[in-house]
Amino acid sequence: MMNEEWSRETTQLKRLNTLDSDATTSSSREDDSSDNLSASDDYISDDDSDDDEDDALYEPKPRICFESVYAMSTRDKIGEGTYGVVYAATHRESNARVAVKCFDKSTMDLADTVQLLREVDVLRMIHHSHVIKFVDFFDEPQHYYLVTELVNGGDLFDRLARRKVYAEEKVRALVLTLLKTVESLHGLNIVHGDLKLENILLTSTDNDVSIKLCDFGFARHDMNDELTGHWGSTEYMAPEIFSCARYGRQADVWSVGVITYMLLSGVSPFGGQTKAELVTNIQRGHVAFPAIFWRRVSAQAKAFVSTMLVANPRNRSTIQDLLAHPWLQEPAPLAIKSKPRAVN
1 MMNEEWSRET TQLKRLNTLD SDATTSSSRE DDSSDNLSAS DDYISDDDSD DDEDDALYEP
61 KPRICFESVY AMSTRDKIGE GTYGVVYAAT HRESNARVAV KCFDKSTMDL ADTVQLLREV
121 DVLRMIHHSH VIKFVDFFDE PQHYYLVTEL VNGGDLFDRL ARRKVYAEEK VRALVLTLLK
181 TVESLHGLNI VHGDLKLENI LLTSTDNDVS IKLCDFGFAR HDMNDELTGH WGSTEYMAPE
241 IFSCARYGRQ ADVWSVGVIT YMLLSGVSPF GGQTKAELVT NIQRGHVAFP AIFWRRVSAQ
301 AKAFVSTMLV ANPRNRSTIQ DLLAHPWLQE PAPLAIKSKP RAVN
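Here the sequence shown stands for residues 1 to 344, numbered as in the UniProt record's numbering.
FYI, nobody ran anything at the bench for these hints, they're computed from the structure.
Take these hints with a grain of salt, some might be off.
[Claimed, not checked] Below, a list of computed lysine-lysine pairs in the BS3-like style, where the Cα atoms sit at most 30 angstroms apart: (1) Lys275 with Lys196; (2) Lys180 with Lys302; (3) Lys105 with Lys170.
The structure presented is a predicted model; accordingly, all values stated were derived computationally and were not measured.
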C-alpha cells in the first residue's frame, strides 16, 4: 500500500532497524529496574589504543543472542499465530518466567516486519497494569523474538468457549476494566486497532475478570490525525473502516461493543455465510437481541451495548459516555427473576 501512511511506516522500519543494528538488544523499561530482564546495551572503549592514533577506537560488545539470555523449549508452546509461535521461557539469571513470540523471518514480508516493529514501539511506551508488559526484543538472522510478561489464564475467547456465557455481573466488571484501559491508551494517542476476545488475556485460571490487553500489531500511535486503510479482525471491525472513511478512537469503541455483546449472549452480533455478507451486515449496523440468547440479560445492559454498536461513529458513545452509563455505575436487575412457587 504505497500511500502516505505506508511511507511513514517504512521510515519507521528503517529507523528501528538502525537502532537494532547499533545496539545489542532493546532494553526493557528503564524505570522498572526490579523487573529488568534485558541484556545490556552499553558500549566499551579501547583504552589500550596507541596514543599517536588520531581517532579513539570504540568496539561494541558482541551482540547478545536470545538463547544466551533465555532458556526455551518447544515443549513449552502456549500459542500460535500466522507468523509465529508463542512459548513460555525462563530468564537464565533470574529464573523469571516470560512469554516469547518467535517470528520466522522467512515467512515475513516488509509489511509484516513493519507491523511487528510497530508493536514493539508501542509496547515500549505503555506502562499499565492491564496491558501486557514489554520485557525485551531480539533481532537475529533468522528470527525475531518479542519477550513479554507471562500470564497463565489463557485468552478470553477460550474462557468464553468453556463458560458459554458470562454472568452479567462479571461482564460489567470486566468491561469496566477494559474501557478504563482503552481510555488510558487513547490518552497516550494510541488506538489498539484489534480489540477482540483473543487479544484479551486472563491473569489466572480461577479469575474470570482480571485481564491484560495484548497483541498491538495493528495499533497506531499519534492519533491526532484519523486513519484510513483496512486493519483489524473483520468480525470486530467498525463500519467506517470498510467504507474507506477516516476513523480513529471510535473504532475501538465499536470493538468493545462487539466484545460485550458476545460475553453477554455467547454469540456474535453480526453474522454471514461469507465474509462479504458479514461486512454488509456490519455496515448496516442493525443490532438485534434475540430472546433465546438475551432473555436473562437486563434491559439496561442491552441499552449499554446498543450505544456502542452505532454505525455512524459520530453518534456512537465515547469512552467517557460509556464510563458514565448507569449500567456500569451499579448492579442492574436481571431481566427475568425466578417465578414464585404456586400455592395449592
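Hint by hint, here is what the structure shows:
1. Under the criterion of a C-alpha separation no larger than 30 angstroms, the hint pairing Lys275 with Lys196 is consistent with the structure, at around 17 angstroms.
2. Distance hint between Lys180 and Lys302 is fulfilled; the C-alpha atoms sit about 20 angstroms from each other, no more than 30 angstroms.
3. Taking the CA atoms of Lys105 and Lys170, the gap is near 41 angstroms; set against the 30 angstroms cutoff, the hint is violated.
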